[in-house]
Amino acid sequence: MFSNMIIGRYMPGDSWIHRLDARTKLVLSIAFIFVVFFANNVIGYALAGAFTLLAIMMTGLGVGVFLRGLRPLVLLMLITTLLQLFFVQTGDVLVHWAFIKITTDGVINSVIVFVRFMLIIMFSTILTLTTQPLAVADGMESLLKPFKKFGLPVSELALMLSIALRFVPTLMDEAQSIMNAQRARGVRFNEGSLMARIKSFVPLLIPLFVNAIKRAIELGDAMEARGYRGGDQRTKYRVLTWHTRDTIAIIGFVIFTVALIATRWIM
Amino acid sequence: MVMAINFDQVGFTYQPNTPFATPGLHDVSFEIPEGKFTAVIGHTGSGKSTMVQHLDGLVLPTTGKVTMGNQVVTAETKLKELNEMRAHIGLVFQFPEAQLFEQTVLKDVMFGPKNFGASEEDAQAAAEAALKKVAISPDLYERSPFELSGGQMRRVAIAGVIAMAPDLLILDEPTAGLDPQGQRELMTLFTDLQKERQITVVLITHQMEYVAQYADHVVVFEHGTVVKSGAPATIFADEEWLHEKQLDVPAAKQFADALAEKGIQLHNVLDIDQLADQLAARLNGEVDHV
Ligand SMILES: Nc1ncnc2c1ncn2[C@@H]1O[C@H](COP(=O)(O)OP(=O)(O)O)[C@@H](O)[C@H]1O
Ligand SMILES: [Mg+2]
Chain A
152 MFSNMIIGRY MPGDSWIHRL DARTKLVLSI AFIFVVFFAN NVIGYALAGA FTLLAIMMTG
212 LGVGVFLRGL RPLVLLMLIT TLLQLFFVQT GDVLVHWAFI KITTDGVINS VIVFVRFMLI
272 IMFSTILTLT TQPLAVADGM ESLLKPFKKF GLPVSELALM LSIALRFVPT LMDEAQSIMN
332 AQRARGVRFN EGSLMARIKS FVPLLIPLFV NAIKRAIELG DAMEARGYRG GDQRTKYRVL
392 TWHTRDTIAI IGFVIFTVAL IATRWIM
Chain B
22 MVMAINFDQV GFTYQPNTPF ATPGLHDVSF EIPEGKFTAV IGHTGSGKST MVQHLDGLVL
82 PTTGKVTMGN QVVTAETKLK ELNEMRAHIG LVFQFPEAQL FEQTVLKDVM FGPKNFGASE
142 EDAQAAAEAA LKKVAISPDL YERSPFELSG GQMRRVAIAG VIAMAPDLLI LDEPTAGLDP
202 QGQRELMTLF TDLQKERQIT VVLITHQMEY VAQYADHVVV FEHGTVVKSG APATIFADEE
262 WLHEKQLDVP AAKQFADALA EKGIQLHNVL DIDQLADQLA ARLNGEVDHV
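Taken in order, these protein sequences are the chains called A and B.
With the first sequence counted from 1, adding 151 to any position gets you the working numbering.
With the second sequence counted from 1, adding 21 to any position gets you the working numbering.
Hints are supplied without guarantee of correctness; some may be wrong.
Quick list of in silico lysine-lysine cross-link-like pairs, DSS-like style, CA-CA up to 30 Å [stated by the list, open to error]:
hint	chain 1	residue 1	chain 2	residue 2
1	B	LYS128	B	LYS153
2	A	LYS350	B	LYS128
3	A	LYS365	B	LYS153
Worth flagging that the hints you see were computed from the coordinates, not collected in a lab.
Could you put together the complete structure from these sequences and hints?
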């Protein structure tokens with residue numbers, strides 16, 4: 152079901168975007184979520200769309216990968232969009248049937264929400280598709296460093312994040328193989344009543360949790376055996392380095408932001 | 022139930038039509054003789070486990086067809102249709118102890134038979150018989166499977182499959198990671214079961230000694246396809262070819278070959294018994310001459 156999903160997955164490559172520092176990509180992805188809201192007319196959205204498309208093309212992974220990968224999310228987006236359709240009641244009435252009233256403002260709002268949602272997801276997907284999960288964790292640690300002063304356990308949080316990210320694929324594989332083993336023993340997943348479906352997941356979830364806990368304990372032992380100690384004295388094997396291309400990317404993004412703000416006065 | 026198995030030009034791709042598509046199998050054609058012991062060998066990643074999932078209807082071939090008895094499985098087959106077929110097939114996965122989940126050992130072994138429609142009493146009888154076969158003593162029946170040792174967990178998991186009384190028993194590297202004694206015991210159990218119940222057994226293994234000793238038929242996988250199949254003697258005849266495929270030659274045959282280099286020719290040596298018999302015959306012969 153989720154085999155098409157590209158959200159949260161990394162695809163190796165050697166594009167300019169792949170080689171950008173994880174911090175750059177993190178900051179820009181977060182900034183984009185806010186910057187998109189500057190668009191308030193067709194030209195603004197066209198500009199944001201063109202910018203996203205440019206970034207996607209620069210990943211060298213192909214636009215098709217993004218479109219196919221996001222297809223499973225379209226349903227979710229459509230539901231959100233439809234809610235807008237029913238809850239915005241201002242503007243000219245287009246359809247009025249029983250308690251359902253659809254207005255022009257509702258339609259416009261739906262389209263805007265859909266486009267915004269789409270752009271933000273596309274842009275964040277660029278980050279996850281082109282950045283190794285561990286680099287994302289390192290990048291976050293580096294960005295959160297200032298908060299250490301306020302007692303935030305930044306290194307520990309980053310370690311937890313990187314371990315979690317590291318084990319996501321392992322757990323997925325394990326879930327798949329346990330599921331197969333139980334199907335071979337006659338469990339029918341996704342068949343029958345809701346109660347039967349919920350019950351069918353017990354033979355999957357118990358071994359999955361037991362193994363995950365066992366693995367966590369083993370990992371903890373292994374780290375302790377090798378003398379792991381958290382804290383400030385730790386150095387990194389992968390050192391994040393800032394390159395000219397990161398500066399260029401930031402400048403490019405700032406130019407895009409300024410242009411986007413400018414479109415507000417065009418129409 | 023008849024269970025002649027045939028693979029006809031089977032191809033399988035993991036996550037097809039995505040950027041993550043990985044080829045699993047291609048152009049796989051071979052047969053598994055009914056009521057026989059078939060060994061499947063090949064390098065890690067050669068597609069053995071992928072093939073095995075087709076045997077239990079857990080995945081559908083992307084191309085080609087698999088025939089099992091009178092059930093034909095192709096890309097168009099509905100997975101639900103195969104639930105019925107699965108009742109006759111036992112599949113022991115690699116590291117099957119990961120499938121244990123019930124509160125007690127006995128309940129876990131009863132899980133399979135009950136899913137396939139056995140009554141509580143029948144399931145319990147089947148479970149107790151299976152646990153006896155794998156040498157798990159009755160005082161462990163009410164224990165949690167998670168309290169057992171690794172070797173015991175493996176046995177309980179295998180019992181959980183045997184208890185389903187399958188006509189086709191598939192074993193994916195069932196002895197990996199066990200001590201030699203445990204490995205021998207399990208292998209003896211599998212061959213005894215096969216003979217006793219006249220079932221079809223498919224065993225994936227890296228241990229050529231077992232292949233030489235127990236298998237009636239051997240299928241060799243490489244890079245996602247079958248490169249050779251036949252009787253063990255045929256497969257092990259061409260040593261150079263085996264080395265090329267990074268497969269071992271059974272120790273007894275290595276021994277006989279080393280003797281041949283020194284001028285002592287033995288014939289048809291595959292397992293330790295054949296080697297011992299022929300050596301004994303030779304030695305007796307020489308003793309007689311003196
Ligand atoms: N769940 C999976 N997703 C994607 N690729 C897989 C998966 N399982 C196996 N493969 C790939 O399929 C090929 C055959 O693997 P497998 O059948 O497990 O080999 P074997 O059992 O002979 O070691 C390998 O290249 C492997 O990487
Ligand atoms: Mg395997």
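Hints and how they fare:
{"no.": "1", "hint": "LYS128(B) <-> LYS153(B)", "verdict": "15 Å, holds"}
{"no.": "2", "hint": "LYS350(A) <-> LYS128(B)", "verdict": "16 Å, holds"}
{"no.": "3", "hint": "LYS365(A) <-> LYS153(B)", "verdict": "28 Å, holds"}
Of the hints listed earlier, there is not a single one the structure fails to meet.
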